[in-house]
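Novice: One letter stands for each residue in the lines below.
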Amino acid sequence: MNDVRGKAAEAENISDDNDPCCCTECDDEGLSRRAVMGYGAAIAAVGGLGLSGTARASEGPLNMPVQPGDRFMITRGKMKKTLLTADLLETGGKPVEGFPVTPDTNEPRDVYRNNRVLMLKLDTASMDAETKGLSADGNLVYSAICTHKGCTIKSWMKKQQHLRCHCHLSVFNPLSGGSVESGPARRQLPAVPIEIDAEGYVVAAAGWTETPGAATK
Amino acid sequence: MRRTLAAAAALMMLGTGAAVAQNLNPVTDARLQNPEPHNWLQWRGNYEGWGYSPLDEITTENVKNLRPVWTFATGVTEGHQAPPMVNDGVMYVSTPQNQVFALDAVTGNEIWRYLHEIPGDLFQLHPTNRGVGLYGDKVYMATVDARMVALDAKTGNVVWNSPIGDYKAGYYATLSPLVAEGKVVVGVSGGEYGIRGYVIAFDSETGAEAWRTHTVPGPGEPGHDTWKGDSWKTGGGSVWMQGNYDADAKLAYFGTGNGGPWIPEARPGDNLYTTSVIALDINTGEIKGHHQYHWNDAWDWDEVSAPVLMDFERDGRKVKGLVHAGRNGFIWSMERTDEGPINFVAADKYVRQNAFTSIDPETGRPSYNESATPGLNRVVTFCPSLWGGKDWPMEAYSPRTGLLYIPSHENLCSELGGSGEIEDYEPGQLYIGIPIDVILSSLRIHESQDTSKPVTIGKLQAWDMNTGKMVWATDFKDTPFWAPLLATGGDLLFTGGTVDRMFRAMDARNGEILWEHPMPSGVTATPASFAVDGKQYIAVQSGWGVDAERMRGLLASILPEGRVPTVPQGGSIHVFAVD
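Top line first, the protein sequences correspond to chains C and E. Note that our numbering gives residue 6 to position 6 of the first sequence, counting from 1, and the numbers run on in steps of one. Note that our numbering gives residue 263 to position 46 of the second sequence, counting from 1, and the numbers run on in steps of one.
Incorrect hints may have been included.
Below, simulated SDA-like cross-link-like pairs (lysine to any residue); rule was C-alpha separation at most 25 Å, straight line [as the list claims (entries may be wrong)]:
| no. | chain 1 | residue 1 | chain 2 | residue 2 |
| --- | --- | --- | --- | --- |
| 1 | E | Lys385 | C | Pro184 |
| 2 | E | Lys694 | E | Arg718 |
| 3 | C | Lys158 | E | Leu776 |
| 4 | E | Lys385 | C | Thr102 |
| 5 | E | Lys371 | E | Glu422 |
Hints listed in this document are in silico derivations from the structure and should not be mistaken for laboratory results.
Next up, chain C with everything else stripped away, as it sits in the complex (with noise of 0.2 Å):
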């Protein structure tokens, strides 16, 4: 430490008040107090469908788009395997990374890769009214696959509230639609409209408002 020095930290693009975060491993993953308390019920109903151990459906729904009616699976960190209900999120704090899942069978939709989505809780009153339209209690679901070269999206710049992709640094605000920020991208982030089911799951309302993925040039 003493043989360098750096600013790193200071400079808007890379500083995350100094909390550095990877969306999906930090410890407390934008995990809301209310949401602890049902965490372990969300998990349960997952285990109750059967998901473990047992022999996935056939791949042809798992590699469809997301559909209208799906749930969304938090495939990584301390909350994987638990479905997003409306009150799981922090407001403001990390994404967290999943997948689309059957209505039927809870299965991720994870064989098409670009089905890749980042879940997060931001004030509705921050929002821009399209952003509005696609959320749901604050809620959002956008790609996680960078529109420039279709990297997974692994950070977060949590004072600028802003999601970056570590690959080329291509910057989205999840506030106005997934919009480019800056950085090489010049596609913004799709996202899947959302609603909240009679039972408090987050359920996809419609399919991507674009197609996801990397762009070819």
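Position chain E against the provided structure of chain C, taking the given hints into account.
Specialist: Relative to the frame of chain C, chain E by itself:
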């Protein structure tokens, strides 16, 4: 679709280019072993990896008259790194997104183009390609979706297309192929995804897999005892640079990447054959010898750049050598043998390095400074940075000057370490062991530097390997220096690599900059030289991206605002000649 595109393009062949292509001079082992000065048939011009053209029409005296002859837009962005290959007047160039263009080398007229279909779900951490291979009547390219493609050199039609690996599990390929003895030999990238690296050879005619040799040995294989538990299964050791080749001994020398994940506690042991050079029998793939530059890497110091095959003298003895400017900050001088074993000769520090406390004079094995060795729960500062003293841009060797030229980074360090836990392994996803935001804010400038003034970052060094001493150095300030080198018989060095977009010629004897030309984008590609009808040309691609841009972005964030400019992206091919 691929065939249709190539065939349609072939039908459009016009003028002299078409005629030149139809008079294809097949590339043979004999030609690759003794390349004609007027051609550039492979990655570094010769099997030895010199990056040297004997052509001497362009000299230190007349290089000031160097002018553009033609340019050609590639239509894609990101890091263009491949040299234009030239075979008797036909140029073959690969680009990011795995395009190949065949062009008339004198006019730039297009003969054919091949556009590889990139899968829509591909995760492109390094969207680039470092060049095609030429052999017989075919052009070979390894792709980012882990395919090996053979094209008809006259038409661009696909002859065969074979799998290198599974891109959905994180395997991909960016290197140029080594071709020899009827084999097309490449390796796999994916060290950040928890892959197990290997070198793979294909039959040049049929595309059938000839052999596959893992750089991380499995149970029962020599070296497996340098791994614990199941760590070998995700042990890294990627191979993403072309190997050099001793045609007499029929041995290919490949460099290997660091162990994965980055955190050393995840894979206790020496971790053979990561961060090593391995000597492979070209016909069987058997590992005949190796030297590990450093064990149980903790710094992301890939050593994938293959050693240069060059003779040198040490202690009055002529050594049939291998020389490698390591990412770990030392120049490694070694002796190669016809049977395969590699003997350590010397290690000379060429940039600031605080991670090694000593190097065994007999074996070359380093001892480590724990306070500069990152760990699962240990964040430390080490120099050089994770990009090393020299990353992938290659050294050059000129038999005229007898000097080895090294495009180095000086005064850069990294502050890096784990967060106490390693994420679950998931095929095809990042598996590094260090939070990505820590990596993205890790770059530091050495405290000896006054950052209120321009800081030397790039340093082109010339070394006399007979003495193990640096002869001269030219500094480049406030800029990354991703600068593959071309040396020529006119005592010139050609390179780019800087954020000012300059492509430049330097005096190989003293480092003086003799000519500069602003390019559309930055130049991180390998220059080449060729001649047609006795006239010498210099060829290079422009197109900034990949790690050069990553370093630029981080440098801009740690140096005072306005000191490190942005670099426009967009690829193009350029050919120069003197008036």
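Novice: Kindly indicate which numbered hints from before are broken by the structure, ordering the numbers from low to high.
Specialist: Of the numbered hints, all hold.
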